[in-house]
Structure formats: C-alpha cells, structure tokens
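The whole structure should be built from the sequences, with the hints applied where relevant.
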Amino acid sequence: MNSRKAAQDDAWEGVVVSKSRGMLDGSNLYHFVEVRLADGEGEPMKVRIGRRLWKSLDVNDRVIKRPGAEPAKG
483 MNSRKAAQDD AWEGVVVSKS RGMLDGSNLY HFVEVRLADG EGEPMKVRIG
533 RRLWKSLDVN DRVIKRPGAE PAKG
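In short: position in the sequence shown from 1, add 482, done, that's the numbering used here.
The hints are simulated quantities; they were obtained by calculation from the structure and are not laboratory data.
Fair warning: there could be bad hints in the mix.
As the list claims (entries may be wrong) - Listed next, the in silico DMTMM-like pairs over lysine to aspartate or glutamate satisfying Cα-Cα at most 25 Å (straight line):
| id | residue 1 | residue 2 |
| --- | --- | --- |
| 1 | 501 | 525 |
| 2 | 487 | 540 |
| 3 | 547 | 495 |
| 4 | 487 | 525 |
| 5 | 501 | 516 |
Claimed, not checked - Just the calculated beta-carbon pair ranges, DEER-fashion:
| id | residue 1 | residue 2 | range |
| --- | --- | --- | --- |
| 6 | 508 | 555 | 26 to 32 Å |
| 7 | 548 | 508 | 21 to 27 Å |
| 8 | 537 | 509 | 16 to 22 Å |
| 9 | 549 | 522 | 28 to 34 Å |
| 10 | 518 | 548 | 16 to 22 Å |
| 11 | 523 | 548 | 29 to 35 Å |
| 12 | 489 | 534 | 18 to 24 Å |
| 13 | 535 | 505 | 17 to 23 Å |
| 14 | 508 | 554 | 16 to 22 Å |
Positions of the beta carbon are idealized from the N, C-alpha and C atoms, including for glycine.
Spelled out as structure tokens, the structure:
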C-alpha cells in the first residue's frame with residue numbers, strides 16, 4: 483500500500499483503520515493513518531497527516547478532508 487500526503491484538491495471522508503509512524507528519510511518522523519473511505523469502495527488508503535491530528539485520532543475515529551483544507555477529525 484502506497485502512502486501519500488493529502489493534496490489540496492482532495493475531498494474524502496472515512497474511518498481510521500490503523501495508525502503508524504516512521505522515519506522514511508532517516509531524519510524526519512512522519513505520521514500516517516490508514517483510512518477506510520465512507521463510500522466503502524476500494525482498499526483503505528494510507529495518508530500522511532500532521533503530528534497534532536495523529537495524536538488526537540484513535541482507531542474508528544472519523545476523518546474528513548475537504549478541498550483546500552487539511553484533514554480534520556470529524
């Protein structure tokens with residue numbers, strides 16, 4: 483499963499399936515959530531998010547991404 487940072491134009495809504503973090507480049511710690519989309523189509527997607535949001539989320543929490551905004555706890 484590939485991960486990516488949410489683009490400004492993206493719009494989606496889903497539920498957190500898992501949380502992870504890692505030092506992909508050896509010097510920066512990145513935070514990820516795996517999200518099952520609300521429409522139920524396709525595989526869950528892995529999205530890079532900010533540390534503050536990552537710390538506030540638990541498995542089964544709702545996450546909403548609106549165009550032009552950062553992902554937020556829903």
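Here is what the structure says about each hint:
1. Of the supplied pair hints, the one linking residue 501 and residue 525 holds, its CA atoms being roughly 16 Å apart against a limit of 25 Å.
2. Distance hint between residue 487 and residue 540 is fulfilled; the C-alpha atoms sit about 19 Å from each other, no more than 25 Å.
3. Restraint check for residue 547 and residue 495: satisfied, since their Cα atoms lie roughly 6 Å apart, inside the 25 Å limit.
4. A C-alpha spacing of about 17 Å is found between residue 487 and residue 525, which places the hinted pair at or below 25 Å, so the restraint holds.
5. A hinted pair counts as satisfied when its Cα atoms are at most 25 Å apart, and residue 501 with residue 516 qualifies at roughly 6 Å.
6. Remark: the range hint 26 to 32 Å for residue 508 to residue 555 is upheld by a beta-carbon distance near 30 Å.
7. Distance hint for residue 548 and residue 508: a CB-CB separation of about 33 Å, inconsistent with the stated range 21 to 27 Å.
8. The given range of 16 to 22 Å is respected by residue 537 and residue 509, whose C-beta atoms sit roughly 21 Å from each other.
9. Restraint check, residue 549 to residue 522: a C-beta distance of roughly 21 Å breaks the suggested window 28 to 34 Å.
10. At about 18 Å, the beta-carbon gap between residue 518 and residue 548 stays in the expected band of 16 to 22 Å.
11. Remark: the range hint 29 to 35 Å for residue 523 to residue 548 is contradicted by a beta-carbon distance near 19 Å.
12. For residue 489 paired with residue 534, a C-beta distance near 20 Å keeps the hint of 18 to 24 Å intact.
13. Checked against the given bound of 17 to 23 Å, the beta carbons of residue 535 and residue 505, roughly 19 Å apart, stay inside it.
14. For residue 508 and residue 554, the hinted distance range of 16 to 22 Å is not satisfied, since their beta carbons lie about 30 Å from each other.
Violated hints, listed in ascending order, are 7, 9, 11 and 14; each of the other numbered hints is respected by the structure.
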